[in-house]
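Q: If you read the sequences in order, they're chains A and B.
Be aware that the first sequence starts at -3, since it is given in my numbering, and climbs by one per residue.
Be aware that the second sequence starts at 14, since it is given in my numbering, and climbs by one per residue.
Hints are computed from structural coordinates only; laboratory data are not their basis.
A hint or two may mislead.
[Stated by the list, open to error] Listed below are several chain B residues computed to face chain A (Cβ distance under 8 Å; list not exhaustive): (1) GLU159; (2) ASP174; (3) VAL177; (4) ALA237; (5) GLY238; (6) TRP318; (7) ALA412; (8) LEU413.
[Stated by the list, open to error] Straight line, CA to CA, 20 Å or less: simulated EDC-like cross-link-like pairs of lysine to aspartate or glutamate: (9) B:LYS381 x B:GLU179; (10) A:LYS208 x B:GLU179; (11) A:LYS225 x B:GLU304; (12) A:LYS139 x B:GLU179; (13) B:LYS381 x B:GLU126; (14) A:LYS208 x B:ASP256; (15) B:LYS381 x A:GLU79; (16) B:LYS381 x B:GLU304; (17) A:LYS210 x B:GLU242.
[To be verified] A few chain A positions that, by computed beta-carbon distances, are all more than 10 Å from chain B: (18) LEU34; (19) ALA35; (20) ARG40; (21) ALA49; (22) GLY60; (23) GLY62; (24) VAL70; (25) HIS87; (26) PRO122; (27) GLY158; (28) ARG180; (29) ALA191; (30) PHE196; (31) ARG203; (32) LEU224; (33) ASN240.
Owing to the predicted nature of the structure, the values given are computational and were not obtained by experimental measurement.
Ideal placement from N, C-alpha and C gives every residue a C-beta, glycine not left out.
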Amino acid sequence: MTDAAMGNVAVLLSIGRHPVSGRSRRAATDAQALEMALALRPRRLTAIHAGPAADAEALRAYLGMGLERLTLLVLPEGADPVEALITHLRHLAPSLVLTGRQAEDGESSGMLPYLIARGLDAAIVPDVVRIGPADTPDATYGKADLVQALPRGQRRALTVTGRLIATVHPSAPPARASAFGPARRGVIEPVAAQAAADLFLSDCEHRPWRPKPKLMRVKRGGSALDRLKAATESKSGKGQLLINPTAEAGALAIYDNLVEQGILP
Amino acid sequence: MTSPQIRHRVDPRAERAARTILTGQRPRLLRQPVATATVNERRRDPRAIRDAALVQRQPRPRYDWARDAASAGTTAAVGVAVANAPVIPLQVIAEPAYLVLAMLDRPGGEVSEHDRQVIAAARLLADAGGGAVVTVATGSGEALAEAGSDRHVALPDGWADDYVPERRAAAAAALMASLSPRHILFPDSPDGGDLARRVAAAAGERLFAGVQSLGPDRATRQSAGGSLETGHRPTRLMTVAADAFAPLDGVRHEARPLDLATPVVAGEEVLPRLGCARRLAVDPDALSLSETDFILSAGNGVTDWQSFAELGEALGATRAGSRVVCDAGHLPRERQVGASGTVVSARCYLAFGIAGAPQHLQGITGVKHVIAINTDLHAEMIKRADLSIVADAQEIMPALIRLIRERRHD
Ligand SMILES: Cc1cc2nc3c(=O)[nH]c(=O)nc-3n(C[C@H](O)[C@H](O)[C@H](O)COP(=O)(O)OP(=O)(O)OC[C@H]3O[C@@H](n4cnc5c(N)ncnc54)[C@H](O)[C@@H]3O)c2cc1C
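Use the sequences and the hints to build the structure in full.
A: Structure below.
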């Protein structure tokens, strides 16, 4: 009953790009999304990539993680994959779609999961680190419990109703290694798809990225002395000072201070 | 002290000319010199210039050569001038030509650094053609006036704490329809970026994500995993990358509440698909030092490691230490704070028995609130701290544990 909710899972996989060498590889968060999908042990797992057929060899790294087959929606170079993916996913009707957060190559705007959620009329949750079927007693069909990563290492639990698109956060469980044999044996199934060219991207101009100087928090205005002080002197605190209090008085001062700062309840 | 003393230079020609009387048949010279002694303007008096540039005499003299001679007063005048800083003139944009919306995060009710940067980016777009910046956030707009906001739309206060991104996206879409702004900027933070993408997907518009530089007719961002720079005209929806724009300072805008014909809370009708959001407790010691918010740190002055561990648990703080402690093996290496360890940005740093060596203080420059316990009144850490306690760490730690347990049982 519980695994019925997670019976049909689709994973969207892109081709990554090594940040230093620029070589094609499996994209880090996409691989984690596949790991998460494999760990869910769904009845049906579909892995989909949309893009030019020429790049297909880089996808074998995903097959090496234990996938038997992978669907390749063949699109012309520079085409927008969103429409093709939505059409294909409508046909599959998965209850859960997992993807990485942002592509490592191409536009990498992070819009794709949102557009697909729109197209499938599904809920979208970003930065997921754990997914499980809801374990509340009134767990109806199609409810899922998620854990979402927040900044500063915090976590948030959520319950989602209905079809779900989730993007995976880098702090999700790490992807298993890719094995060579399964990667050779796996099957990539090409499927012809329709797609229009992305006019916005061809309207943009591209050039190699040149690192910019880091933004310094310089204080403007004031006299030279003020600016020098701001730049060189380390910040000193407001300096409430207790000299040789009793242990209890010292502890109380710390406790009250922490409560005041909102650190302790 | 030596007062600036003007030395009168002797200019024999000028003196002679002043004494000459030309009215008679031939020039005559007066006996008594006329008290003119006009200072020759073309002569430099290096001593006077140096005195005018002196801004501080103790502990060592400092000079400000950039000050213009007119404003250069005496040494004392500088301190006064700084004390009553000139009032920043209020900039009013009464009839904006167009609007630029800045949808802020305002995590925990505070205006974050990233929020200020988004307003600075919005100002770039607004100032190019007489537009106005409209900030949208929970809470009132007063705190945003100095960040550069002309108008403010307050979201309901209750939205600050609960996580319902669909409602915020609906509110943003409602504002987009009613104000028809030329641009809408979001911070490219986890929450702000999520909201921006929801709005863009709903509106069917292109999002220009993670803007790195911005002008009235060109915006750039990083693409292809950071290897390419992509430029385009500024689109309607954009997110602003962190630390790409310097926040404004020295400006004051109105941040006047904007009166809307339709209320923003139109989003309440949306049936949220995400629910039951709640924060989970995380093990503080599993967090990395650069991520955590509250650090309990030990130095060479700590010998009672049992109490230290218990205190960390009682406080729910991430444990860390100075280099000496990590070298001695009391804590693992990745728990070292400082120049050769981790640079932390916690909200609160509680330091027991740390002297505050420069290498250690470098690691805590980003910390908001420091509490130090040390037996040495003159330790650098005591100077850095917001609350300093001169006492033995081995006595304070058990007392603090006892106090926390007592309060918890109440
Ligand atoms: C290249 C280089 C890199 C370095 N990088 C780092 C770094 O990344 N991080 C770092 O921390 N250090 C670093 N150091 C070392 C640094 O210079 C100091 O030696 C070190 O920080 C001192 O640690 P401490 O304050 O714990 O110890 P100490 O200097 O020994 O100070 C102990 C303090 O505890 C107080 N004390 C003693 N007994 C008690 C008691 N019972 N109760 C309360 N207080 C007591 C003392 O008054 C003293 O102030 C670096 C040094 C070098 C040369």
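Q: Now tell me if each hint is right for this structure.
A: Against the structure, the hints come out as follows:
| no. | hint | result |
| --- | --- | --- |
| 1 | GLU159 | violated (13 Å) |
| 2 | ASP174 | violated (12 Å) |
| 3 | VAL177 | violated (10 Å) |
| 4 | ALA237 | holds (5 Å) |
| 5 | GLY238 | holds (4 Å) |
| 6 | TRP318 | violated (18 Å) |
| 7 | ALA412 | holds (4 Å) |
| 8 | LEU413 | holds (4 Å) |
| 9 | B:LYS381 x B:GLU179 | violated (33 Å) |
| 10 | A:LYS208 x B:GLU179 | violated (35 Å) |
| 11 | A:LYS225 x B:GLU304 | violated (29 Å) |
| 12 | A:LYS139 x B:GLU179 | holds (18 Å) |
| 13 | B:LYS381 x B:GLU126 | holds (13 Å) |
| 14 | A:LYS208 x B:ASP256 | holds (11 Å) |
| 15 | B:LYS381 x A:GLU79 | violated (48 Å) |
| 16 | B:LYS381 x B:GLU304 | holds (14 Å) |
| 17 | A:LYS210 x B:GLU242 | holds (17 Å) |
| 18 | LEU34 | holds (24 Å) |
| 19 | ALA35 | holds (19 Å) |
| 20 | ARG40 | holds (23 Å) |
| 21 | ALA49 | holds (20 Å) |
| 22 | GLY60 | holds (22 Å) |
| 23 | GLY62 | holds (26 Å) |
| 24 | VAL70 | holds (22 Å) |
| 25 | HIS87 | holds (21 Å) |
| 26 | PRO122 | violated (5 Å) |
| 27 | GLY158 | violated (6 Å) |
| 28 | ARG180 | holds (27 Å) |
| 29 | ALA191 | holds (17 Å) |
| 30 | PHE196 | violated (5 Å) |
| 31 | ARG203 | violated (5 Å) |
| 32 | LEU224 | violated (7 Å) |
| 33 | ASN240 | violated (6 Å) |
Hint check: violations occur at hints 1, 2, 3, 6, 9, 10, 11, 15, 26, 27, 30, 31, 32, 33; the rest are consistent with the structure.
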